[in-house]
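K.L.:
Chains as they are written, first to last, in the UniProt record's numbering: chain A, 1 to 481; chain B, 1 to 350; chain C, 1 to 272; chain D, 1 to 321.
None of these hints come from the bench; they were simulated from the model.
Any given hint might turn out to be false.
Just a few of them, taken from the derived set where beta-carbon distance is under 10 Å, the chain A residues facing chain D [to be verified]:
| no. | residue |
| --- | --- |
| 1 | 37 |
| 2 | 41 |
| 3 | 43 |
| 4 | 149 |
| 5 | 213 |
| 6 | 222 |
| 7 | 273 |
| 8 | 450 |
Heads up, the beta-carbon is just placed ideally off N, CA and C, and yes, glycines get one too.
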Amino acid sequence: MSYVESLRCKSVTKFMTGAFAALAIGIAGTASAQDEFKPSPQKFPTDYGDITFPAQYPDGTAISITQWSHFVPSYDEWFGQYAQKWGDEHNVKVTINHISLGDIPATLSASIAAGQGPTLVEMNAAPSSFIEGLQSLDDLNAAAETEFGDQADTCRYTSYLPAKDQWYGFCHGWVVDPGVYRSDLWSDAGYPDGPQTYDDLLKGGAKILQDTGTPVAVGLSPELDSEFFARALIWSFGGALQDKNGNVTIDSPETLAAVKYIKELFENALTPEVFAWNPASNNQAYIAGTASYIQNSISFFRSAQDIGKPVTQNTSFRPGLKGPGGEVHMPAHIWFTYVMPKYVTDPDEIQSAKNFMLDLENNYSHATYNSKLYNFPAFAKQVPQLYADGGWLDNDPWGSEPADKMAFMKTAEDWTVWPGYPGYANPAVGEVYQTHVISTMMANAANGTKSPEQALKDATDQINKIFKKWRDRGFVGSGDN
Amino acid sequence: MTVLTLRALEKHYGSIKAVDHVDLQLESGEFMAILGPSGSGKSTLMRMVAGLESPTAGDILVDGQSVVNVPPQHRNVAMVFQSFALYPHMTVRDNILFPLVSRKVPKHEHEARLNKATSMLGVEDLLDRRPNRLSGGQQQRVALARALVRDPDLFVFDEPLSALDAQIRSRARAELRELHDQTRITTLYVTHDQVEAMGLADRVAVINEGRLHQVGTPQELYNDPADLFVAGFIGNPPMNLIPINETTVAGIRPEDMLVDPEGDVSNVFIDLAVTIEHIEYLGSEWLAHGQAQSDADTHGQELHVIARLPASSHPDFVSGQKCRMVGQRKDVCLFDRASGKRQARAEVPA
Amino acid sequence: MLRKIGFYCGIGFLTLFSIVPLLWALVTVFKRDSDMYSVGTVPFFYNEPPTLDHLIFLFTESNFGLFVQNSAIVGIFVVLITMVLSIPAAFSLARLTGSWGERSGMAIFLVYLIPPSLLFIPMYQIVVWLGVANTIWSLVIVLPTITVPFCTWLLLGFFRSVPRSLDEAAMLDGCGQFTTFYRVLLPQVWPGIGACAVFAFSLSLGNYIYAATFITRSAARTISAGVPTELIRGDVFFWPELMAATLVVAIPLAVVYGLFFNYLVGGFRNAT
Amino acid sequence: MSTQQHSGVPQPRGRMGRLSAWLDQPKVLAWLMLGPAVLYVIAFVGFPFLLAIALSMSDATIGDPSLDKFVGLANFSAVMQTDAFQLALRNSLIVTAGTLALVLVLATLASELLVHSFRGKRLFQMIFILPWALPVSLTAIVWMWFLDSTFSPVDWVLVQLNLLGPGSVWGPFNHLYFLGREWLGLASVIVTDTWRMLPLATIIVLAGRMSIPEERFEQARIDGAGVFRILFRITLPALKPMLIVAILFTGLLVIGEMSLVQLLTRGGPGHSTQVLPYWAYLKGIQGGSLAQGAAITLFLFPFLLVASVLALRAAYRSQEA
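One chain only, chain A, in its complex shape (with noise of 0.2 Å):
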């Protein structure tokens, strides 16, 4: 049986039994210990905040969601299950499309420039450019900030801007970035609680490259992975590509000793291999041994889980790194963003929309549980289980060795930011990003294609001519000032 059939299988199996618990939950009306830790019971209520909703849709109601295939398949197992129950109960028809990440932008743009397609489309925060095509979920936020308690920081700023007071999108969860490293490695280097700063990183990376011939695996490639270590590296040592204004702020000495620190890095601890990366490589290359250290979501871990590779025993996890003044700043992963597009006007497709979006996060305690973990909610307070003591961080349902491996994650919200922090998420910031600025200067600086400053210097003038065409256009910018 190949990894992806067990993986599903499981979660078929796992959420069946959760889904009859939850049912006798509701007959029996009472709760035992136990059930503490199953998802919560699936609730459709018709109230949010200050919306409220039909039970029911009137006939011939549709809303098609395009979303790109989850890294953890069973997520999408889950996620078309419930999405069928969702419409059968709300007399919706409900239709889901999976498409590759990378293919998001581009479906997303020739749909709006056709002004039709699907009612919902999952982004990755990054590309906010759309956002004029975009119809404002205002009323949408305002009832689940209303219902839920407060929502994580990286999923407020990566769905609201501020230059035109306007929530762009709904983010319904986030996913950890986290450090993993090799317990084994690093504890015969001398570091038996494994690299805590990027300082460690250097030297107990380059010890253990020279040491066994395993390199530090992080990329400096044109890819997800890259970009997200590269931004994690700039903020812990104090730099950022913008302040809270949206001020390009990327020229600066700690900036500027983050490029170089990459650079002896690369010279020390890494081998060629990180330009050559796509997002699957860290993965595998740690799958397969041939990594100390990557910084990468727990999605590969689940996957070395079922191939049953023995590096699972030694894989230890942790928040970032502390840069030199001790901070830890890591992005998250991904963002899980729905965005409805203005050609969206058929009043009973957007309130059903609306209504659904709102139901997945009031559920999303089964969302979580079947991504694995891998989804985190935006509104910590829906998925009490995962945080609670003895609850699924502490007490891994899916098997890690030990079964607390993953309890690093509870404090994730504190040291996870965005794209764009300190500032939004504004189209600028996507630009730098997906023309992957940020890791060809890294890149740059690393092969000694240029000098550090120089390297800095031709960044800082390519993300200041990109800032400078969405400030005209009243992208950039708090809105205050």
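Please build the complex by placing chains B, C and D on the supplied structure of chain A, with the hints as guidance.
P.N.:
Below, chains B, C and D alone, put in the same frame as chain A:
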């Protein structure tokens, strides 16, 4: 009865006049050859008759009716192409039947017509073959059969023999004439080969640079060329053309040129001192090529003359030898030098 | 002797060049994941027993079967549309439009100078206007933009290679322009049409960007866009399944193309 | 025979007959037959193309694709000044030229072999044409896996041959990291493009090769010409028109293709393997600057136009000669 009439027919390609004011008439049952060097406009003329080109000016009448605006499929003209243009994807039978099918001739007539055409051309055994499995001669017969099968008003041949090997060409020529004698279909036969034209046709039309120079029987063309072009084109070798003064050129056939005549020659019109260049032996005759030292005005050009001698004469010339070549008055045609036109004999200065 | 050795060296080199990446793909198809993600072992051997799981997964758990079906339907319709448009167009250019038609063979190529990486946005607009968004018919309508010019150009050459006297003979035999085309010229260019059809099919199969953006419904996707979407999930690549999909597509097509090889050569031989 | 019905000029009768006769005139029929293809191309290529030109001179973005603001050539000058564009332009030219060079050499070789008959030729043809049977996206995936930075069998073989690995010629690592180094990355793209284009190019060149009469080679051999003299003095000159056609087909299919680079190197490291179509896509679609993306796409148009016209004219001319 006139079948085909061309009236002041012109075809221009840009500034080039491919066919320049041609008038021509074909009588019913007549076999006429259009003879001209390549590029003379003879093919264009023929294609206009077939309807494959439309004239720039002038008119084409078939049986007295103008067909200028009638597309080829509605003219009852059959054509045999130089390449035969058999349809490679059809059997010989289908090739021959194709005109009948296209013209929606009732099906019950097909077999009879097919048999008639094929037996006339002796291709009955080839009916199920594809054209690419036929020899050149067979292809030609099939092409003829295809042209014949539908009783055309007019037959048009476009150098149909030039694709054949030299050996079978003369036999094919004979067969063509025989076929015409059997069918008496009015025929326009385009060729650059004067042997074909003279040997086959009732009348020959000589065309050059788009203009019709002379129409006549082969004998007329040979004996009474209408102008310098015809004189220099017909005959192999053609007439010796000898300038005799500012305005006149004399033409004389090589066989009429007397070489070192013995005794008295009466009525001498041309008398040349010639240096023999070389002698050609052609089996039935000799050709003596020479360089004339004429005192006549030749504008400094050398004058090349040829004399034809019977095989029995055994000339013992060697190169460089000097001799005298004489033409008699009765054998000479005179042409106007400027216009090229034939002068009436009476005008000739003695 | 030396010539012979050189000859077979050449054949051997070309064979290896063509097949080695695919042999590696073939080896991968039957590897267990844990074997595949191992380093330090001989990559060409099965260090753990080979498995059919990936192949089975491809056909039972993914939409691959549907992708193949969709690609086949799209390919067939694209070929049909292409032929319906380009055969008459090529005939017209070769025979009816006179000298400018003869020369426009060049202009046909200019269409290819515009890469589709941005054209797909206006294209999508058209697709929406026609009401075929998110169905395979969107590709059926749009992909001939790639095939029609190529095939028109190729067929133009085929028609040119037929002697004109054949048309003229047909017309004198009583055919009109159209009948001449249909009864006499068309049968001469069948091999060329076959070559063009094969060519158009493979171009339609290969297109990625239109296939990826016009169709988001998984069940309506074609091989080129469906396989990567379904079998690359963010940072997890289903390598054996991907390789299996590749081979399952490539091998039968290669057999067909191989059989058509001489026709294709003949096609280009006439076309220029 | 011809004595009967001399006025035999059957003309079409009836309204339908006259209509079909009218339609059958060359000038009318020409448009009737060309029309559908022309209309199709105008609607689906001409219109988008004009839109692309309009986009390139506007300030359109994905979210606001309206063409309400004309900015002239500002987008062109903006994109041209960036490193990424200059590298992409350079690489597009390198990849296209490199692929063409390799493809032409190999296609000439292959056609020289395929013109002869030999045992197993059918099988060879099928193997040889395999790469062409793949959609580009799958080709890219196969090569991505073949050249993977961790699992590439090529690296493994090189290590076994002691060409790679600690203390060997090609450096201390056990991998070449094909897709992660500027020139190796470009070379990988070139080899992959060559791999997928070779069958088509060979078919074209072989078509030319088969049109060379055998007598010409016999004559050359009688005259004592060796293999190379024959190749350079007889074969190549005769192949010229077909080589030009092969260059056109291959060049246009290579220079416009983005998915290969998109999947193989994503343009990295840095932008050192970036090519124009993918950069246009990144900038225009992913980054949202439709206008600049269009400008990048259209940049090559005039050059390609001139190059294609010259190539085609050369092809036609050398054919007529």
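K.L.:
So, for every hint listed, does it hold in this structure?
P.N.:
For each hint, the structure was consulted:
At its closest, the beta carbon of residue 37 of chain A sits 38 Å from a beta carbon of chain D; the interface hint therefore is violated under the 10 Å criterion. Using the Cβ-Cβ criterion of 10 Å, the hint placing residue 41 of chain A at the interface with chain D is not satisfied: the shortest such distance is roughly 40 Å. A distance limit of 10 Å between C-beta atoms decides the matter here; for residue 43 of chain A the minimum to chain D is near 36 Å, and the interface restraint is violated. Given hint, residue 149 of chain A at the interface with chain D, is violated; its Cβ is 31 Å from that chain's nearest Cβ, farther than 10 Å.
With its C-beta approaching chain D no nearer than about 8 Å, residue 213 of chain A sits inside the 10 Å limit, and its interface hint holds. Satisfaction of the interface hint for residue 222 of chain A is found here, the shortest Cβ-Cβ separation to chain D being roughly 4 Å, below the 10 Å cut-off. Taking 10 Å as the C-beta contact cut-off toward chain D, the hint placing residue 273 of chain A at the interface holds, the least distance being around 4 Å. Hint on residue 450 of chain A holds. Least Cβ distance to chain D is approximately 8 Å, under the 10 Å limit.
The earlier numbered hints that this structure contradicts are 1, 2, 3, 4.
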